[in-house]
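Protein sequence lines correspond, in order, to chains Z and G. Be aware that the first sequence starts at 1, since it is given in the numbering used here, and climbs by one per residue. Be aware that the second sequence starts at 240, since it is given in the numbering used here, and climbs by one per residue.
Please keep in mind that the hints were generated in silico from the structure rather than gathered at the bench. Some clues are possibly wrong.
What the hints assert, rightly or not - Below, a list of computed lysine-lysine pairs in the DSS-like style, where the Cα atoms sit at most 25 Å apart:
| hint | chain 1 | residue 1 | chain 2 | residue 2 |
| --- | --- | --- | --- | --- |
| 1 | G | 302 | Z | 231 |
| 2 | Z | 88 | G | 441 |
| 3 | Z | 10 | G | 359 |
What the hints assert, rightly or not - A partial selection of chain G residues facing chain Z, derived with a Cβ cut-off under 8 Å:
| hint | residue |
| --- | --- |
| 4 | 252 |
| 5 | 293 |
| 6 | 311 |
| 7 | 314 |
| 8 | 320 |
| 9 | 321 |
| 10 | 325 |
| 11 | 337 |
| 12 | 350 |
| 13 | 363 |
| 14 | 367 |
| 15 | 380 |
| 16 | 464 |
| 17 | 466 |
| 18 | 469 |
Nothing here was measured: the structure is a model prediction, and the numbers come from that model. From the three backbone atoms N, C-alpha and C, an ideal C-beta is built for every residue, glycine too.
Each chain, written out:
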Amino acid sequence: MKNKSLAVAKTNFRNIKIAYALTVVIMVCMLVQDIGMLVIGRANGSGYYGIEGNMNVSFGNYLFLLIILSTFFIPLVNFRKVMNLGGKRADFFNGCALTYAIMAASVSLACVVLYLTYDRIMVSLLYNGGTLDVLYWFGWINNGAVIAFFQMFAFLFLLATFLHTLIAAQDKWYGWVADVLILAIISVFTPIAALRTSLVWFFNIIIFNSNAFVQIAACLILAVAIYSLNKLTFARKAI
Amino acid sequence: MIKFANVTKKYGGTAAVNRVSLEIPEQGFFCLLGRNGAGKTTLMKLIAGHVGSTDGEITVDGKRVSTGRMPECVNFIESGSVQFNMKVSDLIATAAALQDDFDRDFAQEMTERFELNTGKKFRQLSFGMKTMLTTIIALSNNSKIILLDEPTLGFDAIMRDQFNTLLLESYQAHPRVIIVSTHLIDEIAKIAERLIIIDSGKILLETAIDDLDEKAYTLSGSSSLVMPLLGGLNCIGKTAMGSVMAAHIYDNRINPPAGVAIDRLTLQDFFINIVGGKRNEK
Numbered sequence: 001m002k003n004k005s006l007a008v009a010k011t012n013f014r015n016i017k018i019a020y021a022l023t024v025v026i027m028v029c030m031l032v033q034d035i036g037m038l039v040i041g042r043a044n045g046s047g048y049y050g051i052e053g054n055m056n057v058s059f060g061n062y063l064f065l066l067i068i069l070s071t072f073f074i075p076l077v078n079f080r081k082v083m084n085l086g087g088k089r090a091d092f093f094n095g096c097a098l099t100y101a102i103m104a105a106s107v108s109l110a111c112v113v114l115y116l117t118y119d120r121i122m123v124s125l126l127y128n129g130g131t132l133d134v135l136y137w138f139g140w141i142n143n144g145a146v147i148a149f150f151q152m153f154a155f156l157f158l159l160a161t162f163l164h165t166l167i168a169a170q171d172k173w174y175g176w177v178a179d180v181l182i183l184a185i186i187s188v189f190t191p192i193a194a195l196r197t198s199l200v201w202f203f204n205i206i207i208f209n210s211n212a213f214v215q216i217a218a219c220l221i222l223a224v225a226i227y228s229l230n231k232l233t234f235a236r237k238a239i
Numbered sequence: 240m241i242k243f244a245n246v247t248k249k250y251g252g253t254a255a256v257n258r259v260s261l262e263i264p265e266q267g268f269f270c271l272l273g274r275n276g277a278g279k280t281t282l283m284k285l286i287a288g289h290v291g292s293t294d295g296e297i298t299v300d301g302k303r304v305s306t307g308r309m310p311e312c313v314n315f316i317e318s319g320s321v322q323f324n325m326k327v328s329d330l331i332a333t334a335a336a337l338q339d340d341f342d343r344d345f346a347q348e349m350t351e352r353f354e355l356n357t358g359k360k361f362r363q364l365s366f367g368m369k370t371m372l373t374t375i376i377a378l379s380n381n382s383k384i385i386l387l388d389e390p391t392l393g394f395d396a397i398m399r400d401q402f403n404t405l406l407l408e409s410y411q412a413h414p415r416v417i418i419v420s421t422h423l424i425d426e427i428a429k430i431a432e433r434l435i436i437i438d439s440g441k442i443l444l445e446t447a448i449d450d451l452d453e454k455a456y457t458l459s460g461s462s463s464l465v466m467p468l469l470g471g472l473n474c475i476g477k478t479a480m481g482s483v484m485a486a487h488i489y490d491n492r493i494n495p496p497a498g499v500a501i502d503r504l505t506l507q508d509f510f511i512n513i514v515g516g517k518r519n520e521k
């Protein structure tokens, strides 16, 4: 029995070249910037090359771009091509979930490793104001690198499935309704204190939760619930 | 095997397929003819579950077809279908990984026979070669039903001949339902067994091609001799020049009187007359 979901995932990974290219370009630019600053910076007595209080976005966090861009290319471009090669909708559905799971895990692993290595070196050399890293700002790294990896994985998987679902539905009326609802929730809930509390509660559950396991479970349950809507979307999608 | 029960498919307010009832009970090689925009592609997409019907019911092997329930045994390939820009060999490998009954040996043999450069990427291929690759991928699947939409678009005469041989060999190796839509009528008539003609979203005719050899003919001669014969016949078109006329008939053969010649109607002429005959007479 062939694993057709795995075949879809492999095909997806091979056919998001623009997402790879843009991510690499951005990361190379950041790398060049860091190297340039190191080259032109002059170490003071403490061995520090940057400007006092310098901050930068964590190098690994630029990999989020890969996930975000992939959620555009996979449903909008790859779906039809997979169907043209004789793929089935159910296999595409499962294969995309596998794609995002692998991608979220890879990006999370890279982020944790880069946070603990590259970012620490750069903080000591260039950015003594620290790095803007979700691992730090969301408090996940406080739970240790392994738990932080799983927390980031769950969050990125939720992000990927949410964007995939929303983008796939853009050729349907309910996709537009979802856009309007999201905008309405953000613009109406944010300024009104009573409603803002519910937004804060929601983000506390999926991001800032003090209990890592609850945060991971909440993200994964929500991701599965949102992603299952794709069965409806793709079942009706004409090729 | 395939059954349409009063099926309508509308795009906006326009019916591409209009209350079609059709049954294909067993394997066979079908030629689907129709003018541009007649509804051929939509008919095929409905069978494959690529689009859903607006009304009516389509069943394949007794199971209802919809976009949410694409039949596993149907493989539909469009000539201009977009593919991943991968090497030919990688596209075939991907198709093999995505499909249950993919015959890689057949695909390999066909790429060699049609001199497809397996190292080239899809976008580097000519239009004809892209179509050939797409068709080879479709035929390599041992599905019970293969639907090919304009498969010879962009082919030169030699490629078309080779392609028709390929279709025939594929059909002989794996007897199944093959439906080919094309405008190159007489070429496909050499290999197809049955004919479906669609016009303005409606099925005009579904018959065996051999049947046409018997029933489609032209009566020509003096108008005064030909006209009286048409009363009891299904005349699908007429052309007149002065006092001489030719009447194109789709009906049982008759023994014409002296002075009236009877000739076989080619499939192309039959198609032109049955689809546009009334319009041509105006």
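Quick rundown of the hints versus the structure:
Between residue 302 of chain G and residue 231 of chain Z, the direct Cα distance comes to roughly 19 Å. Compliance with the 25 Å bound is thereby established for this hinted pair. Proximity of residue 88 of chain Z to residue 441 of chain G is assessed by CA-CA distance (about 29 Å); at most 25 Å being required, the pair is judged violated. About 20 Å separates the Cα atoms of residue 10 of chain Z and residue 359 of chain G, which keeps this hinted pair within 25 Å; it holds. At a threshold of 8 Å, the smallest CB-CB gap from residue 252 of chain G to chain Z is about 17 Å, leaving the interface hint violated.
Hint status for residue 293 of chain G relative to chain Z: violated, with the closest Cβ pair at about 12 Å, above 8 Å. At about 7 Å, the closest approach between the beta carbon of residue 311 of chain G and any beta carbon in chain Z falls short of 8 Å, and the interface hint on this residue holds. Satisfaction of the interface hint for residue 314 of chain G is found here, the shortest Cβ-Cβ separation to chain Z being roughly 6 Å, below the 8 Å cut-off. Hint status for residue 320 of chain G relative to chain Z: holds, with the closest Cβ pair at about 4 Å, below 8 Å.
A least Cβ separation of about 6 Å between residue 321 of chain G and chain Z falls short of the 8 Å threshold, and the interface hint therefore holds. Hint status for residue 325 of chain G: holds, given a least beta-carbon distance of 7 Å to chain Z, under 8 Å. Checking residue 337 of chain G against chain Z: minimum C-beta separation of about 4 Å stays under 8 Å; hint holds. Taking 8 Å as the C-beta contact cut-off toward chain Z, the hint placing residue 350 of chain G at the interface is violated, the least distance being around 15 Å.
Annotation: interface hint on residue 363 of chain G violated; nearest CB of chain Z at approximately 16 Å, more than 8 Å. Annotation: residue 367 of chain G was flagged as interfacial toward chain Z, and the flag is violated, the nearest CB pair being 18 Å apart, outside 8 Å. Checking residue 380 of chain G against chain Z by beta carbon gives a least distance of about 6 Å; that is within 8 Å, so the hint holds. With a cut of 8 Å, the hint placing residue 464 of chain G at the interface with chain Z is violated, because the nearest CB-to-CB distance is about 54 Å.
Interface hint status for residue 466 of chain G: violated, as the beta-carbon distance to the closest one in chain Z is roughly 50 Å, over 8 Å. This hint is violated: residue 469 of chain G has a C-beta 45 Å from the nearest C-beta of chain Z, more than the 8 Å allowed.
Hints 2, 4, 5, 12, 13, 14, 16, 17, 18 from the list above are not met by this structure, while the remaining hints are.
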